[in-house]
Structure formats: structure tokens, C-alpha cells
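*Asks:* Sequence:
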Amino acid sequence: MRALVLKAYDGRPESLQVERRAVPRPSAKQVLVRMAASPINPADLQFVRGQYGVRNALPTVPGFEGSGTVVASGGLAGQLLVGRRVACVAPVGGDGLWAEYAAVPLQQCIPLRAHITFEQGASLFVNPFTAWVLMERAREGAHVALAQTGAASSVGRMLGALARRRGVPMVHVVRRAEQVDLLRGLGAEHVLSSDEPEFQERLRLMCHQLKVSLAFDAVAGRLTGQLLGALPEGGRVTVYGALSEQECRFDPGDVIFGRKTVDGFALSEWARRGFGREQLKALMGVPSLVGRELETPVRARLPLESAGDAVRIASADMTSGKVLFMPEQGSMV
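According to the working numbering, the sequence shown is numbered sequentially starting from 159.
Quick caveat, the hints were computed from the structure, so don't treat them as lab data. Treat the hints with care, as some may be off.
DSBU-like cross-link-like pairs, simulated, lysine-lysine; straight-line CA separation at most 30 Å [what the hints assert, rightly or not]:
id, residue 1, residue 2
1, 187, 165
2, 439, 187
3, 369, 439
Quick list of the computed label-pair ranges, beta carbon to beta carbon [said to hold, decoys possible]:
id, residue 1, residue 2, range
4, 479, 212, 19 to 29 Å
5, 467, 299, 40 to 50 Å
6, 352, 322, 15 to 25 Å
7, 299, 238, 30 to 40 Å
8, 177, 298, 31 to 41 Å
9, 366, 272, 43 to 53 Å
Given the structure is predicted, the values throughout are model-derived calculations rather than measurements. For every residue, glycine included, the Cβ atom is placed at its ideal position computed from N, Cα and C.
Starting from the given sequences, assemble the full structure and let the hints guide the process.
*Replies:* As C-alpha cells, then:
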């Protein structure tokens, strides 16, 4: 099979090379998936640059999630999935999904419903589940209004869609004026650009007027502090991304005297807890919304051989949609 192999954690395009490898043999608790599509997520970009929370031994195949068809099973339990279309997640510490075939743990596969295409199924896990879990925690915490940064990203749009679906006001922070127009066109009401004059004061006024008590931060850097400072006393910021690739910065007075808190969320850590009530509820709810309320726009579809172009496009403008590796298809931009 053909696989896209990472040779060094340096972010250079030439460190990703297509190689011929043996098709992996699934273990007793794995199935073999013929990959149809796999996206380039921000976490994937961080991984190939060596900036993600974990590193696999090199050389390794990147790609955290994707979709395809189960063609074989290493054990009896997986036989029920043979021939089924699935969304899947790469095994922890093992080769990822930027390849023609991948051996995937059985418990990390979800059969695709009839309305979900391979393109939408390729992004079924990371973004939809992140948005779902964050919004469920907001609901359980009885937060009457929310805020978020990175609101024009895939997760940001999904958070906005879920907030509107549940009738919860949300303040959306973006970087550029055209992103303000984009979100308003999707139905968002309270949208601010961090580049506009008096952004900090407008953010503070909006958060106080709506009584925002919880904010989701996908950007980090100075925006974490701006968000925290804008919240009323006792507010909380949950950091789930670092699109700025900078450390979080905030005023210690907010946490010392304002009774405000900053915490973090990683979907991988959430998933490692096993099948508790929260996980089971997400597994029941998310697939019914993917491809509908939780839709992932796709910007480009590229073969494995176009890794350099794919990473460049994905890094340049995430607002325009996902870049997908599609091993069996040619280039479509």
C-alpha cells in the first residue's frame, strides 16, 4: 500500500514522503480499514511540527481521524463491521490514517449512517465531539450565555450551531471583518473581530450584558487574557486549542480577586476515560447531527502525493474548510 510517512518533526514539506509499505495485519481487537478520506486538522499540523502533546517513534504515519470501509477483522467481534462504512480514529502511539489502509481499534470505529458521506464522516470525531462535549458541559453547568474565540473555525461554527439549537446566547470572537460577515450569514448575532477598535471594551460590555459565565478558547496567546478579563466575576475560560501557537497570557488579578478560573479540555483525554455516561450520550447524539447541523466544509481533496501542497493550504486558511487526503482520488481544489 501507499502511506504518507513522517521522517522528522521539523514541519518541512520534504519530511512527509509517500512510501510503499505492507498492508497492516489487524490484531484480535482491530479491524482493517481501506481509507477513503482523512482530514488535516490543527492537531495534525501540530503533530508533524513536533508541537503536539505526544510524539510517536519515527518514521510514523500521521493522521488522527478519517473514514473508509472495513475490509477485514482480526477477531470475531469485528466481523460484524466487515463491508461497513465507518468513521475511525488512529490507535494511540501507532501509525495514523494518512494511508491507503489502516489497522484501527474496533472500539474506535463508528458505522456511518446513510446520510453521512465519506467526506463528512472523515471529520466525525475530533470537531463534532469536541463541540458536543463542551456544549454539554455548558448545559450541565446551567450557564445562561457563552463566549468563544476561533469562532469561524470548524469547531467554532459547530459550537455556534449547537448554541443556536439550544437557544443559548453566544459571543463569537474572530480575527477578520470578513469572518464577522460569514458568521452573521450563518445566523450568529453577537460577533466581534479582535482587530476592530476598542475590541476589549466591546467584548467586556457584551459579556456583562449577556451574563456570560463560560468561554471556550481555541486560540490561546493574549486572547485568553482578553476573554478572561471580559467575563463577569466568577467566570471560567476553557482552553481547548492553541491556534496562535503561543502561551496563554492573562492578568493574575482576574484569578486572585475576580474569582475567575482557567482550565483545559482535550478530546483525547476525554475519550481515554472509557464509556461513561458522558461518552455514551455523545456517541448517541453526535452521529445524528453530523452532515446536518454539524457540517464540515471541505476546501480541497488531494492525493497522498500532494502532501506539501495539502499542508500549505491547510495552514494558510482554516476558515475556508478542511483539506482532505483521499488516497483513491486525484487532486480536487
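*Asks:* Taking 30 Å as the top limit, are the C-alpha atoms of residue 369 and residue 439 close enough?
*Replies:* holds, 28 Å
*Asks:* Below or equal to 30 Å on CA atoms is what counts here, so check residue 187 against residue 165.
*Replies:* holds, 28 Å
*Asks:* Could you say whether the range 43 to 53 Å given as a hint is met by the Cβ separation of residue 366 and residue 272?
*Replies:* Roughly 46 Å apart at Cβ, these two residues keep to the hinted range, so it holds.
*Asks:* Do the Cβ positions of residue 299 and residue 238 conform to the proposed distance bound of 30 to 40 Å?
*Replies:* Given range 30 to 40 Å: holds, Cβ gap about 38 Å.
*Asks:* Just to be sure I understand the hint, the distance between the Cβ atoms of residue 467 and residue 299 should be within 40 to 50 Å; is that true here?
*Replies:* holds, 43 Å
*Asks:* Given the hinted pair residue 439 and residue 187, is their alpha-carbon gap at most 30 Å?
*Replies:* holds, 23 Å
*Asks:* That 15 to 25 Å hint for residue 352 and residue 322 (C-beta), does it hold up?
*Replies:* holds, 22 Å
*Asks:* Are residue 177 and residue 298 spaced within 31 to 41 Å by their CB atoms?
*Replies:* Roughly 46 Å apart at Cβ, these two residues miss the hinted range, so it is violated.
*Asks:* Do residue 479 and residue 212 keep their Cβ atoms within the hinted range of 19 to 29 Å?
*Replies:* Check passed, 27 Å falls within 19 to 29 Å.
Hint compliance for this structure: hint 8 alone is broken.
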